[in-house]
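Here the structure of chain Z is known, so what remains is to put chain X in place on it, guided by the hints.
Keeping their order, the protein sequence lines are chains Z and X. 1 is the number of the first residue of the first sequence in our numbering; add one for each residue after it. 1 is the number of the first residue of the second sequence in our numbering; add one for each residue after it.
Accuracy of the hints is not assured; some may be wrong.
[What the hints assert, rightly or not] Each computed EDC-like pair below joins lysine to aspartate or glutamate, with the alpha-carbon atoms no more than 20 Å apart: (1) Z:Lys395 <-> Z:Glu375; (2) X:Lys3 <-> Z:Asp184; (3) Z:Lys112 <-> X:Asp39; (4) X:Lys113 <-> Z:Asp184; (5) Z:Lys114 <-> X:Glu126; (6) Z:Lys115 <-> X:Asp39.
[Stated by the list, open to error] Rough simulated footprint, nothing fancy, chain X against chain Z, three-plus residues with beta-carbon under 8 Å: (7) 108 to 114; (8) 127 to 134; (9) 145 to 155; (10) 173 to 184.
Honestly, the hints are just simulated from the structure, not real lab data. Quick caveat: nothing in here was measured; it's all calculated off a predicted structure. Every residue gets a Cβ at the ideal spot worked out from N, C-alpha and C, and that includes glycine.
In case you want the letters, here they are:
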Amino acid sequence: MQNLTATDILKNQIVDNQKVIDQLNADLARKNQEVKIFQEISTEINNTLDLDSILNKLLLLLDKTFEFRHSMVLLSDELDEKLFVAASHGYETNGIGAEVKFGEGIIGVVAKRKKLMRMGNIGAQRAYFNSVKTQMTNAGEETKEDLKLPGLNNVQSQVAIPLLLENALIGVLAVESEKTNVFDSRDEIIITILANQAASAIDKARAHIKLKHINENLEHLVHERTKEVVMQKDIIEEKNNDILDSIRYAKRIQDALLPAKNHMEKHVKDYFVLFKPKDIVSGDFYWVNQKENKLFFAAIDCTGHGVPGAFVSIVAHTGLQRALILFSLRTPSEILDKLNENVTDMFSHDNTSTDIKDGMDISLCALDRDAMKLEFAGANNPMYLIRNGKLTEIKGDKQPIGQYLSRKDFTNHKIDVEKGDVIYLFTDGYADQFGGPKGKKFKYKQFEEMLLANYNLPMAEQSKILERKFHDWKKNLGQVDDVCVIGVRV
Amino acid sequence: MIKQEMHPAMQGIVPASLVTCSKNGEPNTTTISQVFYVDDNHIALSFQFFNKTIRNVRENPNASVQIMHPATFETWSLDIEFQESKTEGDIFDQMDMQLEAIASMSGMSGIFKLHAADIYKVKTVERVAY
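So that you can see chain Z by itself, here it is in the shape it has in the complex:
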């Protein structure tokens, strides 16, 4: 009997244990299933960056997998302490945009306290409050209307969960039912897990939207900047054109100061001029004048080039004309002395300023073809005379026209010339040009050799050779300075 009872007890124990094991297995299977569903949902909602789509997916999945028929997500506006419905599922009207203030109703209180809430007796609780309210109204106390809140009218059960990210409220996920007490603590856990997923997905989507805005803004900014730059470029181009126009006009004036071709042909006769300004207007120029039996010709290199050089060239031109016509000077050295006086005067208005170095280098000849006499005076620059294959250099004085400390009178050189002699005047632009195979200066030695090799050729041809040589030497390098070479055959 005792043995039998013990066996029975044992049997019953085994049956009981089996029940527990079955229960545990069932729980495990359910848990596994839940984990699988969570993973699927998590993947699904994290795979999208579109906020509306994330929320709608979440609510749909809550219905499909857990049979939560009515649900909504409200996003928070923490500054204004209110929420608005961003997505809903299972309602006759979607109610998108409906507002809930913090502290109002279950959702509002959840948002305010950042704590989840689960109720299964909302109807009963409300009935209790309403009876108190009726009593208060009957007692003549002032009472307020019931709140209109989004969701089911006859809600009995609700779970509302704050969507939090690092303790900041993003929104509230609410699930509700018209039946009492339908959500248990397990549902609470399920919804909590999904709410956390949703919170991070929402955050990701928002970050994406923000990034997109920033990008768009940047693009807009780049567009604006480009527009601005293009506008500035247009302005600069316009100004540049204005400046170029006035420089071109200045060139016309400068050209007008150069001796006319027919004047040259009449007086200089057998000659060439190679004149190549670096810019539109030039600091170099040449000057020719015939007075009585003397032909005056000069190559002038004013300091600088371009516009400033051109300004000085006007001064130089005026000075030469004055010396020749107003002062009736006929000796090159005297003309240079007068020119120097003139230029120095002109540039020394501001006596305190010692660093005005504006002036010019010049080689000036006076050729008397009747007497076969040549006079020369030079400021820094020389002249060449080639006769019978021999080049003679006659150096100018080592001083410029313009401010100079140890100034002395210019030297006047007198030379007898013969028919066929060729005289060359030039500025430093040709010999100083960089180029050739090593990018070096052309130099005077090569310049002299070139003149010697070609002096017998017709003047026009010599000019062409000089020009071509210059071009070949310079190649792709920029022109360094203005170039002026004058050749005159006696």
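For chain X alone, coordinates are given in the frame of chain Z:
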């Protein structure tokens, strides 16, 4: 003590009956809207305003409460003993939030205030047969 199957009886769907007794032995019975589950050995009752119940349990901590399952109408009688009055913590927050939520829905925010969550130890649970 408190089994899983009793939880639905503690959701405040069917009101509960609470019996207390003054130090002089004068009993008092009242209906309360909800008995809150704290853990398997504790329940909480809300203390909204001072009344006989509140006074009694502070004189004589022993009390009894009857709860009913809203679907099966199973009923349990719990012998309980008042332990402490909590004004913060999870259970207080839970009760306070419910009060605030429902009051606000009825347009009565600020009228009801939860003074405390009174915590009772559950001494015995007895299923009542009707």
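Worksheet item: With a Cβ-Cβ cutoff of 8 Å, does the segment 173 to 184 of chain Z contain at least three residues near chain X?
Response: Per the Cβ count (3), the hint holds.
Worksheet item: Would you say the segment 127 to 134 of chain Z counts as covered by chain X, given the rule of at least 3 residues with C-beta under 8 Å?
Response: Result for this restraint: holds, n = 5.
Worksheet item: Holds or violated: are the alpha carbons of Lys115 of chain Z and Asp39 of chain X at most 20 Å from each other?
Response: It holds: about 19 Å lies between the C-alpha atoms, which stays within 20 Å.
Worksheet item: Residue count check for the segment 108 to 114 of chain Z against chain X: does it reach three with CB-CB under 8 Å?
Response: Contact hint for the segment 108 to 114 of chain Z vs chain X: holds, 4 residues under 8 Å.
Discussion item. Holds or violated: Lys112 of chain Z and Asp39 of chain X, Cα atoms, limit 20 Å.
Written reply: violated (26 Å)
Worksheet item: With a cut-off of 8 Å between beta carbons, are at least three residues of the segment 145 to 155 of chain Z near chain X?
Response: Coverage by chain X holds for the segment 145 to 155 of chain Z (4 residues, Cβ < 8 Å).
Discussion item. Can you confirm whether the C-alpha distance between Lys395 of chain Z and Glu375 of chain Z stays at or below 20 Å?
Written reply: holds (12 Å)
Discussion item. For a C-alpha distance cap of 20 Å, please report whether Lys114 of chain Z and Glu126 of chain X respect it.
Written reply: Violated. Lys114 of chain Z to Glu126 of chain X sits at ~38 Å, over the 20 Å cutoff.
Worksheet item: For the pair supplied as a hint, Lys113 of chain X and Asp184 of chain Z, is the alpha-carbon distance within the 20 Å limit?
Response: violated (27 Å)
Worksheet item: Within 20 Å, alpha carbon to alpha carbon, are Lys3 of chain X and Asp184 of chain Z?
Response: Since the Cα atoms of Lys3 of chain X and Asp184 of chain Z sit roughly 14 Å apart, the hinted pair holds (cutoff 20 Å).
In terms of the numbered hints stated before, the structure departs from hints 3, 4 and 5, listed from lowest to highest.
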